[in-house]
Structures are given as structure tokens and as C-alpha cells.
Amino acid sequence: MSGIQRVALSVAETAETLGVSHDLVYEMVARGELPAIELGRRKVIPIVAIERLIEVAIDGFEPPRALSTIAGAKH
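Quick note: the sequence shown uses the numbering used here, first residue 1, plus one each step.
If you're looking for bench data, these hints aren't it; they were derived computationally from the structure. Because the structure is a prediction, the values reported are computed rather than measured. There could be a bad hint or two in this list.
Cβ pair distances, simulated, as ranges [as the list claims (entries may be wrong)]:
#	residue 1	residue 2	range
1	Ala57	Gly3	28 to 36 Å
2	Asp59	Val7	29 to 37 Å
3	Val56	Val7	30 to 38 Å
4	Pro63	Val7	28 to 36 Å
5	Glu62	Val7	28 to 36 Å
6	Ser21	Arg65	30 to 38 Å
7	Glu62	Ile37	16 to 24 Å
8	Ile58	Glu16	32 to 40 Å
9	Val7	Arg31	17 to 25 Å
We treat Cβ as the ideally placed atom computed from N, Cα and C, and that holds for glycine.
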């Protein structure tokens with residue numbers, strides 16, 4: 001191995017990493033949810049952007065409350 005650290009993934013690699021389809025990755029790029037670098041006809045997604053997408057999703061995640069809390073039941 002050359003020791004060079006990768007900084008971007010292809011659309012296919014991004015889709016595999018996120019567990020989504022290629023089409024969804026292209027849609028996310030088109031909507032501005034993921035930045036893409038165009039290299040000729042090829043698009044690559046910066047790894048830091050993928051990591052940030054995951055961080056934002058985790059930061060905004062709220063676990064579901066217990067049913068007893070939702071129903072207002074007292075213990």
C-alpha cells in the first residue's frame with residue numbers, strides 16, 4: 001500500500017457505506033445534502049461529508065419514549 005489516505009469515495013462506495021442505493025446518493029447530491037467533487041464525468045464524495053452526515057443524524061436522534069410515558073401512565 002502506498003500510505004496515501006483516501007479522502008473521497010465513489011458514488012458506489014458511498015452507497016455501500018451508507019447502506020442505500022446509488023440513486024439515493026445521486027439524489028442527495030442533487031438536493032445539496034451531500035457535496036460531490038466532479039472529476040471529469042465521475043463524482044466522488046468527500047469522506048468528511050459522509051462522516052458529518054452521520055454525525056448530524058446521530059445528534060438529531062431522539063430514542064422513542066416508553067409507551068407508559070407517552071400514555072401518561074404513573075408508576
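Hints versus structure:
1. Judged by the Cβ atoms, the range 28 to 36 Å given for Ala57 and Gly3 holds: they are separated by roughly 32 Å.
2. At roughly 23 Å, the beta-carbon separation of Asp59 and Val7 lies outside the given 29 to 37 Å, and the hint is violated.
3. Against the hinted window of 30 to 38 Å, the Cβ-Cβ separation of Val56 and Val7 comes to about 20 Å, which falls outside the hint.
4. In this structure, Pro63 and Val7 meet the distance hint of 28 to 36 Å, their C-beta atoms being roughly 33 Å apart.
5. At about 32 Å, the beta-carbon gap between Glu62 and Val7 stays in the expected band of 28 to 36 Å.
6. Checking the proposed 30 to 38 Å range against Ser21 and Arg65 shows it holds: the Cβ atoms sit about 32 Å from each other.
7. A C-beta distance of roughly 33 Å is found between Glu62 and Ile37, which places it outside the suggested range of 16 to 24 Å.
8. Separated by about 20 Å at the C-beta atoms, Ile58 and Glu16 break the suggested range of 32 to 40 Å.
9. Between Val7 and Arg31 the Cβ separation comes to about 23 Å, which falls inside the hinted range of 17 to 25 Å.
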